[in-house]
Amino acid sequence: EVQLVESGGGLVQPGGSLRLSCAASGFTFSNSWMYWVRQAPGKGLLWVSRINGDETSSHYADFVRGRFTISRDKAKNTLSLQMNSLRVDDTAVYFCARGAFESSSPLLDVWGQGTTVIVSS
Amino acid sequence: IVMTQSPATLSVSPGQRATLSCRASQTVSSNLLAWYQQKFGQPPRLLIYAGSTRAPSIPARFTGTQSGTEFTLIISTLQSEDVAVYYCQQYSNWPPTFGQGTKLEIK
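Residue numbers (the numbering used here), protein chains in the order written: chain A, 1 to 121; chain B, 1 to 107.
Just so you know, the hints here were simulated from the structure itself, not pulled from any lab data. Every value quoted in this text rests on a predicted model; they were computed, and no experiment measured them. Don't take each hint at face value.
[What the hints assert, rightly or not] Calculated cross-link-like contacts (lysine to aspartate or glutamate; reagent style DMTMM-like; alpha-carbon spacing at most 20 Å):
1) Lys39/B - Asp82/B
2) Lys76/A - Glu1/A
3) Lys74/A - Glu105/B
4) Lys39/B - Asp109/A
5) Lys107/B - Glu70/B
6) Lys76/A - Glu102/A
[Said to hold, decoys possible] Not the full set, but computed from the structure, chain A residues with beta-carbon under 8 Å of chain B:
7) Gly53
8) Phe63
9) Gln113
All residues carry an ideal CB built from backbone N, CA and C; glycine is no exception.
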């Protein structure tokens, strides 16, 4: 069964850091682009970042560029998101998702359950 | 590309047809438009991609259509389990963008 399981969310003060992880199973992890998408409370979906299978290419939304870093560990089949200089408006559920068809096209066919990040003093 | 969904909320009786709209601010190449269903407290689930192709295991009552920059998701015979928020997403231009969602309720 194809599965993505996120962890690492929590409560952090503004300016703090948090590292999210996403454990992947049931597919060839290294063949797929992987994504982070977030959803603020009661709001819609926003793409955050993505990385290709061999970590040679990554992209960030403007509102996280320079603060967040995406990475992956092929040996552990794990995707990560290092979040620094967190702001109150980063509060959201963060979803890990797989790019479909082993393609760079940002169609997302498998999603994790999400992990909640709350930035508050 | 800005994706605009309408209506914001739709209330439909069980067994009736639900029609959800999504308009793109510019051309979405090759119909690279997806629909996702998000039930309360769950992650999004891919329903439709390439404008009209159902994802695996998605029931046939879900249909995607396209006319110019207007995309439509039709649920032919609404069931109680279809209560959710539905999002469209274009993936033809970078960055990928989602609509703001249509909340589908049972009347």
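These are the hints, each one checked on the structure:
1. For the hint linking Lys39/B to Asp82/B, the alpha-carbon distance of about 8 Å falls within 20 Å, and the restraint holds.
2. Our distance criterion of 20 Å between C-alpha atoms is met by Lys76/A and Glu1/A, whose separation comes to about 17 Å.
3. Distance restraint check for Lys74/A and Glu105/B: the Cα-Cα separation of roughly 42 Å exceeds the 20 Å cut-off, and the hinted pair is therefore not satisfied.
4. At roughly 16 Å between alpha-carbon atoms, Lys39/B and Asp109/A fall within 20 Å of each other, so this suggested pair holds.
5. A hinted pair counts as satisfied when its Cα atoms are at most 20 Å apart, and Lys107/B with Glu70/B does not qualify at roughly 26 Å.
6. For the hint linking Lys76/A to Glu102/A, the alpha-carbon distance of about 19 Å falls within 20 Å, and the restraint holds.
7. This hint is violated: Gly53/A has a C-beta 18 Å from the nearest C-beta of chain B, more than the 8 Å allowed.
8. Restraint check, Phe63/A versus chain B: the minimum CB separation of about 11 Å is more than 8 Å; hint violated.
9. At a threshold of 8 Å, the smallest CB-CB gap from Gln113/A to chain B is about 6 Å, leaving the interface hint in force.
In the structure shown, a violation is registered for the earlier hints numbered 3, 5, 7, 8, in ascending order.
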